[in-house]
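Asker: Mind docking these for me? Both chains are given alone in their own frames, and the hints should help you get the complex.
Listed in order, the protein sequences are those of chains X and S.
In this text, residue positions in the first sequence follow our numbering: the first is 1, and each later residue adds one.
In this text, residue positions in the second sequence follow our numbering: the first is 1001, and each later residue adds one.
FYI, nobody ran anything at the bench for these hints, they're computed from the structure.
Wrong hints could be hidden among the right ones.
To give an idea of the chain X side of the interface with chain S (calculated C-beta under 8 Å), a few residues [what the hints assert, rightly or not]: (1) R29; (2) D300; (3) P328; (4) P387; (5) P415; (6) I448.
Simulated pairs of lysine-lysine, PhoX-like, Cα-Cα distance not exceeding 25 Å [to be verified]: (7) X/K257 with X/K160; (8) S/K1409 with X/K3; (9) X/K451 with S/K1083; (10) S/K1154 with X/K559; (11) X/K257 with X/K320; (12) S/K1083 with X/K453; (13) S/K1575 with X/K160; (14) X/K379 with S/K1504; (15) X/K564 with X/K583; (16) S/K1083 with X/K510; (17) X/K453 with X/K379.
Label-pair ranges, simulated between beta-carbon atoms [what the hints assert, rightly or not]: (18) X/P84 with S/D1644: 46 to 52 Å; (19) S/K1043 with X/Q355: 51 to 57 Å; (20) S/L1137 with X/E326: 48 to 54 Å; (21) X/V153 with S/E1516: 52 to 58 Å; (22) X/L375 with S/K1575: 33 to 39 Å; (23) S/E1239 with X/K559: 55 to 61 Å; (24) X/L375 with S/I1562: 25 to 31 Å; (25) X/T530 with S/R1143: 42 to 48 Å.
Note that beta-carbon positions come from the ideal geometry of N, C-alpha and C, so glycine has one too.
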Amino acid sequence: MNKIDPITLEVLRGSFHSIVEEMRATLIRTAYSPILSLSYDFSCGLLSPKGELIGMSEDFSGHVFAMSIGLPHTLAKFGGKLNPGDVVMMNDPYIGGTHLNDVVFYTPYFAGKKLLLFIAVRAHWQDIGGSTAGSFTGRATSILEEGLRIPPVKVVERGKRNMALWDTIFSNVRLADERQGDALAMLDTTRVAEMRADELVAKYGANIVERGRDEILDSAERVMRKRIASLPKGEYYYEHYMDNDGMSNKPVPIKIKLTIENDSMTFDFTGTGPQSVGPTNGGPPIAPSAVFVIVKSWLDPETSVSGGSFRPLKFVLPKKTMVNAEYPAPVGACWGLFRSIQGATIGLFSQVMPQKAVGDVFGEANHTYITGFDLERNKEFILYEYPMGGYPGTSENDGSTGSKMWDVGGVCIYPAESAEERQPVLMESAEVRRDGEGPGFHRSAFGITRKIKVLTDCQLSVVAEKVVIPPFGTGGGYAGSVNTFSVLREGEEIFPSPDVPGKIKAFPLKTGDVVIVRSSGGGGVGDPLTRDPEDVRRDVIDGYLSAERAAEVYGVILKDGVVKAQPTHKRRESLKQQRRYFKVAPAAVDSYNAAGLRLCPISPSDASSMSVVDGDLVEYVPPVGAPLRAWVVVKKDQKPGKLPLGPQGMRILRVTSRDSIELRVLKPGMKKTG
Amino acid sequence: MLAIGIDVGGTFTDFVVFDEDKGQITVNKYPTSTGDPTDGVMKGLRLMNIDLSQVRRIVHGTTVATNATLERKGAKTAALITKGFADVIEFGMVGRYAGRGYPGGHWNPYWVRPKPFVPRPLRFEVTERVSPRGNVLTPLDERQVTDFIHTLRKEEIEAVAVCFLNSYVNPAHEKRVGELLRKNLPRHVAISLSAETVPEFREFERWATTVLNAYVAPCLREYLKKLSGTLHKAGYRGEIFYMISSGGIVTESTAADYPIRFILSGPAGGVAGGVFLGEMTGYRDVITCDMGGTSTDVSLIKNLTPAIAKERLFENVPIKTPQLDIATIGAGGGSQAWVDGEGALKVGPQSAGAVPGPVAYGKGGTAITVTDANLILGRLASDSLLKGRMKLDRDLAVKAIESLSRTVKVPDIYQLAEGIINIAVTKMCGVVRTLSIERGYDPRDFVLVPMGGAGPMHAVAIAEELGLTSIVVPNNPGNSCAFGILTSDLKHDYVRPYVVQTQKADIRKIRSLFKEMADQGVRALREEGVPSDRIAISYSADMRYAGQLWELNAPARLGSKIAEMEKSFHQQYYKAYGYSRENMEVELVCLRVLASGRVDKPTPNRLKPERRPLAKMKKGQRQVYFRGRFMDTPIYDRDLVTRDTIITGPAVVEELGATTVLFPGWRAKCDAYGNLIVTRTRATRKATK
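Bound-form chain S, shown alone (with noise of 0.2 Å):
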């Protein structure tokens, strides 16, 4: 039997084939079809002649959610909120909420704020009032409400989202209107509310959450059922799992309750891969970079656990669900090189996109790219993308650099194409840094896994900026989302709010709340068909010290008595800013429950040691640049790469999707599975503790 992967990203369609029987992963790239990508989805399944039959899973990652989001091609969507506060879901608490990766307007007078998923008129105002003790202050106005739902059925509203104080307290007026709604709109109509789609603290980002959760949920629920039913006609018999932004999998009845988890589950595949990986090679402790042609993805996994962002923004949107944290940098193999007013050198965020792209493509493109620089550094060779089925041409791309080196006043094209790199490389590590230092990990612990086509070909470079001293190269590099998601786990998490000074806190409740999400989770695993021996509990509770404003998780137990979770609180915040204030009171935020359901993994065959030649593997020789001057490279061809094998830098490794560079100082060994572990082999600069 068969297990299929299947990524659809913007520009590719990514197959991951796991043959149960033999052990074997085959894989694949096509276009993604413009329009209805279930049809680049058939047509790849038709061209690598499957038989849907002989397929036991399919698991699929797509972007439908967070295209519809970005193109404002959502529901019309309309959203009933508390009195006073309709406006909350357009300026939020009055900021322009920028963040990691967006433009933030600092010095920009004629900046302007995008506009709100529900347009003014649309959001209705409601007399209801509940205080943060959950007791109701004024009734809901039911007569209200049904004046509003005569306005929702002429104007055909699509999706209506159900935003009130307090909810996460006392949800009974939210659900009291969802009821009202349900019951007098037609069916069709994607209802979300507050405190069913997060029910923490904060209302803005509560809501926002929830709008954009209505927002996306028709277009959604549409793409699922037309895949599902596409693929059930031909001949598919099992379940088609979907991969959402927390880095689990979900079944189809379930992702049409979740339809947020959708919009930042794009990368999440690149991170499970991470984790399999690193299970795989017993290294615990990974950075993923997955650097496409625009950009970078980045995340964090500390003992085999990716990083969880409670919150992340998203077209100036928070967004809040439990998600990997995976911060995305606007730096890929497409960024272009360019002289700002101070004549300084910048690289990106402007990127050559596919079309023009990089300079060597020769499609009209005329600003130098990171791609561009690589080949004019010997990293890439004309012929070395796709199997030379796409041909670079270098003389384009030394013109262009040659004029940059006249307006930047660098005379040596070679130096100033290394440090094109070498500047976009800073970029990336800047935002790793940050990333650990908001957890208070050290980067240098970690061993960093590159994906993507562009990712092994600065692995090197980005290990030695952040003084790392291993790297993985995992198989088939340009591929890893649709293998990672072949990897994931079912997963369900849970939080109920229960804001109390840990010394008051009701032990009993906690235990109650903490069975109450535990037995909710087993209940919708097994329905998914996951056997008991299969579903693991996890239990954790969000915590602050009593006077601060954002709070921690730190694991707990199911018998957890109170001091034990505040011990944990402790060491989670020790492990996170380096000290702790053991004397001071602590207050409980909320209680999660993550509950999994194991999943067969594709483990791939070990390879058999064989003895070959490291001649054989060469499929060249050229001269390559590396920190200042050309030496003379070998080339080898990953497919021809045997395990055991000890390549030692200055080296390439070229295959299919990807291009490894070795610098000198580094070596790459084949292990059991086919992955390179690339490691230091003496200090090439002095890594300071």
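So here's chain X without its partners, still in its complex pose (with noise of 0.2 Å):
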């Protein structure tokens, strides 16, 4: 096959993002749901036959790969066989589905018998069904709970709608109106992608679109290709920890092992935990496209975004293990998973590439779900908002607070005032949350703090991550603080679950309550004691910062508005003193609790002048890099001021048998703060 000339193929390129982009300014105009018209929880894309992602937009990431690892299921159980005028629809995660609300709409698109192109949007529902409104809750124990699993089915054959599972779906869900408004705008959008396909056609001919397809793929393979090969090869690891599987209060691992071998990468995920019994588990999209993000933007951020770049990335994703989860594990919580495989994939890179240091991501979501009857509308009602809190500090600059991640678009909290004329609410407050952030060098966003007042009794739900185990910071940088949700009542702020912190079902608000949530904003990066003092004074101004934050953990000392130096730098020397470093003591195999934890040896002299005991959380901080979490195990026999570590541990750290490394104890969530 002769190539394309590079003119016609960035033609056809902005062609095809352009495409999208008229996909997505339709739904958002036709849609019923403040979630998608408002919020753009929905992604577009068009897709080659084989699903490998063609354009997108600014389309939510983890939906839009979702769309490529599901198609070819979907396209096995027709046996390769769609007619024009389908519509396939699809929501079952355990083939390349999210949550079950993320909703897709594959149409194939033929240029007379050629199958060219899928054309895919996923939109989030705001209910689909289950045991609560909304759907998902932190506490499902199966997926039967979180509403309508739905296989891959023929909604449109050859032009005419399916009315039998239309209908059969539609009963099924709450609010229906809206669920069917959204259904047809979905429907509507596609059209619109097919009339430009046809065009596209009809200038170009077949043949020329399906060249320009394949060369995006395989030029973007070629870049993705050349930027591996310049990386050090080797073998690296990294263990992260989720706060629980929302049914008991005990983390949970994930542990990845990358290979860089020439030019592809292996992303092996041997050792991440079971299969949860509660909803923290994925389908096999979700780690994969986790991993994306991070390979993406940090190795090649600038070109456009295609399926190529996927080709080089391989992935061992266990069976009936969190990231490849089976029937009937609950998946409400699929995005805290996503957030927290990003964050192990940050500290992974944070070994492979330590100049480009950026630390943790905030958590997750923070899915809080208000729900119940309003009288005085007289019918049901959905307050759905993911309050997220901003961007980590990074090797350039400081995180900006209040924004979601860099690989989705659109808004995440409503309008006040436009909640409050929908729901039964009065909202408090939608501020910047003070101390917040994870101090640094350059410091985290602050995360926000958004108080929403109930008028009438109704419940709550809360699906959330990092509300335990704090976002690492990276290079020194501390941990940002966590997620926080408590209900104010009576003047006293109840902590819902306290069982299982992040992880609420349907607990009982009664009127006049007020919702807390605080959103957290990642880790920092670097030293937040080389932080210039003018930096920390400006957030202190700002009253982002108290002055007694800026004085114990950036030792800055402030006097009437203005920076004390002397002050400054004897409590910054006397804050160093302060810092507890153990020698390390290479262990023949790093320790593990049943769980796959990793524990943390200490005297009992060590643990009682640094005030742990048994269960506490530490972390071990290497000056580049990221850290590495374990849980205090106060042991007799254990050698005051050394510190065991594993083979695993040291090349994680990478430090030496000559090596002392800084301990930081870490004071796990549910503590409020600001």
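Answerer: Dropping the structure here:
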């Protein structure tokens, strides 16, 4: 096959992109739910017949690559036989869906008899049935509680809508009119793409469009292979922990071994926790798309995004683990898993590319559902927000407060005036979370504080991550704050799910209760004691940072709004002195407990001087790269001042027996700040 | 008597002088003065020997407010905001607020949010609260406000924005704070209340607009005062009118109340020019495409009415006020071609600007630009620009493209040059399509009006890409903005919120709100000296299906019944999205009134039919590259083209500020006013319906 000329290629690439943009514009303007029209929790994409991504826009990578991964399964179901005018609907997490609320419509696009493209729209349905309004909760134990699981089915067959299927689905979801409006909007969105694709084919011919499609993929693959080839080859490890599985308060591990050979990378998840009883699970798309976001942003952020850059990446996802769950594992918290895998990948890349330091991300969407019956409007209501915190610190800059992650667009809290007009709530605040940042030479965002007062008895459900284990800092940067979810009732702040923080199912709210969400901003980068005191002062003047925290964490002493140089210098020296360093004691094996959590053996005297007890969370902080978390075990026979580290731990931290390493005590979640 | 349109742009100040007695139009272009833009205005008027006592009307377009915002040189601004919400003007609804033409930060962990216009220490949280129904839940704490005012005085604040929740329903608290501020702050301090600036719901958009309104008010006011003082001192006795972002004009006194309307007013003149041209030529559906050096402004005019956006993003901030919907694309004559990490050829958004400019300017530019590509293809000649006053060096351009051709592995430099142009054109067309799809229009039903120096050069390529069959190249396409502002009517728009299901709406309330706004409009226009027979009032309502989030504007009448308003909405919805849902409940969101006062339009004289052989209009002949090959192409001088002349492509028509390129398969006819009506003579490609 002849190569396509670069000009036509660029014109086609531009056209694919515009098609997706038009699809987005159509869905935003025609959808019924705020989550689509305001929050843009949907994605559009054009795929090759094999499912590789050709074009996307400001769409959510987590949605888009799941479309890619789900398409081959979908095709297999129909024996590869789809006809013009068919639209296939699917949300099955185990073969390429995400959580059940994300429903995808795949439409084959034919040029004559040739299957040229797939047009895909994935939209978050505000409800898909299940045990609670909004469908997923932190405490489900089976996918059946989370709503309808839809295998690949033709919702439109040769241009005719399958009304039997349609009626069945909309008899099983809440606020069905709104859901149908959204589904129709998804179909309209598809039609717009078909019209534009027709024009493209008319202008260039199907063969050229096909070649352009393939070359977009091939060239992206070439770039990615070149970038990978420039990286230091070898094996890298990182281990990261999620708060819990939704049922007990026991953290669960994510373990990744990265192997870089020549021009490809393999991410092996062996050692990752088994499929949870609770909802912290994902099907096959979650881990690859999470990893891909970091790989692409780190290695090749400037060229356009396509499935070609995915080709050099291989994944080992052991069956029946959190990253490759099977029926009947619930998957409501799959985005928590997604963000945690991103954190783990950031940890890996802090070793591969230490010059590109970025702190851990803030956690997860912080799905917050306030649902019930609105007597005044005489209907059910679902208020669904996901107050995200902002960006972690980086080697270049501080993280910006109040923004969704870099792999997703849209907004995530609603205008008070819009929410109050539609639901029985009164918004009390949307503000920067004071002292909520991950300190560092470059600090993270501060996170935000959101307060919502309910005006009727109703329910609160939450699915969130990093409510217990805070996001890590990089290169000596400090951990960020944790996300917190609480209810202010008659002046008293209560935590609805103290046994399993961050996973709340239908907690009964009373009229007048105030739901308080405090989001984290992520981890800092670099030592906060080296941060420019003027930058610390500015944060204090802005009211985002308290003078106490400026002194305690950054060692900056202010008087009348001015930095006092001498006392600052003294305080910084004294804070440096207080840091606890341990001599690395190489051990034959890494020490983990039965659940796969790393253990930190420590002598009774060290434990007492650091005020830690069994089960406390600590981190080993290397001067470069991401830290390693572990749980304290006080051991009588452990030598004071020594820290046993197995080979894996030593590799992650890149230390030898000659080194000492800083040990920090982490104060896990449930303590409120700001 | 004369009417003068003056448009101050970043590089040039454009003048259009219409001699009402002779029906004659003169245009000129002078460099914009650095520092005080009034200097450039006065200098231009002097150079053109204008006797200001003979001028009846001056209409002015200025980017003073735009630049103050871009350069962050606005007033020291404070904001009083409902307790708990002071940071909303910083991070909004927790989005990155990327939009058409704004960098989104997608895939970029290093993204940084632009700084808010009011720093945190100057945001004061006020204890007060109004419910969405307008009931006072927490009374205004006046003592606290008084304390804040002390601080504002001490800090020598120049502007204050007052932003309270639900003030669109009940503005009493904002109004009371406004009174206290006016009473206790120096008179020069600008005060903006959110309910007065944008009386519509959704706090972030309303507040962001209000803050920006306050931020630019003092510098704009100062500029208006200075310009009017200078012009009147120089003998001008009339009123100065100002172009605002809605595409209408206002008088100086009204202008001072609407600072926000100036921020996106820059390209509005071009759109107004498009409307006028449409009226003149009988084309009612027009796409204007104003292509300059660094960017291109695109707008849509349907049935002689420009598309209106209720909201546009500027500097990552939404500006919510009725304004022309103009999409700005980072592709223009100066856009540079480059090669990305994938080895793919890209064009823009980086631009060579005026310095160093395209390679052919010989001022040190090394990256090939769209203008260079046109020169290489012979579409431009070395002496095409400004009648040869500005020379282009083709050899330099060829050298630069040869080097690019090796990198990108396209050995044929001409094919590469045409490709660069096509990539820029594809980009523009993508935006035009999105702009039309957002309103449910098919771009192929429109006529293209190219403007700006580079517009007519690319018009055919754009039309072919979009499947359009007609183009109108106006007279003096390089001065379209200045001409457009001269044709704009006086406009005042008003909005009143009324959120209610139509079935529960009180028709008397709707009528009284309409009436109230209409009276206000008539009063304002009368004060501006518009006689009543020139005043037109139009009514409309923003509505949506109950449950939807975005509303759509539907026309109404003062005497409309509810059913009629609903029907109008269903029709608008059908137009926009191809279906409507007549069995669903409809919700009213707000009512709008537009009061306009018609001005005298500069109607140029019709050209006399004059027989002149084509050969006499021809100024030369050269090889020009079209779709893969060079063709022997005649070059015509537009100043010599007479009425009814037909020029068949391939051909190039040159004039002072622009070059029109006619591809084979297209022809141009000069109409009675000197516009070139360019149409397709044969289908050059299949346009699918």
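Asker: A separate judgement is required for each hint: does it hold in the structure or not?
Answerer: These are the hints, each one checked on the structure:
1. R29: This interface hint holds because 6 Å falls under the 8 Å limit.
2. D300: Where the cut-off is 8 Å and the nearest Cβ of chain S is about 6 Å from X/D300, the hint holds.
3. P328: violated, 34 Å
4. P387: holds, 7 Å
5. P415: holds, 4 Å
6. I448: Since the shortest Cβ distance to chain S is 7 Å, the answer is holds.
7. X/K257 with X/K160: Roughly 48 Å between the alpha carbons, so the hint for X/K257 and X/K160 is violated.
8. S/K1409 with X/K3: holds, 12 Å
9. X/K451 with S/K1083: holds, 12 Å
10. S/K1154 with X/K559: holds, 21 Å
11. X/K257 with X/K320: holds, 18 Å
12. S/K1083 with X/K453: Since the Cα atoms of S/K1083 and X/K453 sit roughly 14 Å apart, the hinted pair holds (cutoff 25 Å).
13. S/K1575 with X/K160: Distance ~24 Å between S/K1575 and X/K160 Cα, so the pair holds.
14. X/K379 with S/K1504: Since the Cα atoms of X/K379 and S/K1504 sit roughly 17 Å apart, the hinted pair holds (cutoff 25 Å).
15. X/K564 with X/K583: Violated, because 35 Å separates the two Cα atoms, which is more than 25 Å.
16. S/K1083 with X/K510: holds, 23 Å
17. X/K453 with X/K379: Satisfied, since the Cα-Cα distance of roughly 19 Å is no more than 25 Å.
18. X/P84 with S/D1644: 46 to 52 Å: Distance hint for X/P84, S/D1644 holds at roughly 50 Å.
19. S/K1043 with X/Q355: 51 to 57 Å: holds, 53 Å
20. S/L1137 with X/E326: 48 to 54 Å: Roughly 51 Å apart at Cβ, these two residues keep to the hinted range, so it holds.
21. X/V153 with S/E1516: 52 to 58 Å: holds, 55 Å
22. X/L375 with S/K1575: 33 to 39 Å: holds, 38 Å
23. S/E1239 with X/K559: 55 to 61 Å: holds, 57 Å
24. X/L375 with S/I1562: 25 to 31 Å: Cβ of X/L375 to Cβ of S/I1562: about 27 Å, so the range 25 to 31 Å holds.
25. X/T530 with S/R1143: 42 to 48 Å: holds, 45 Å
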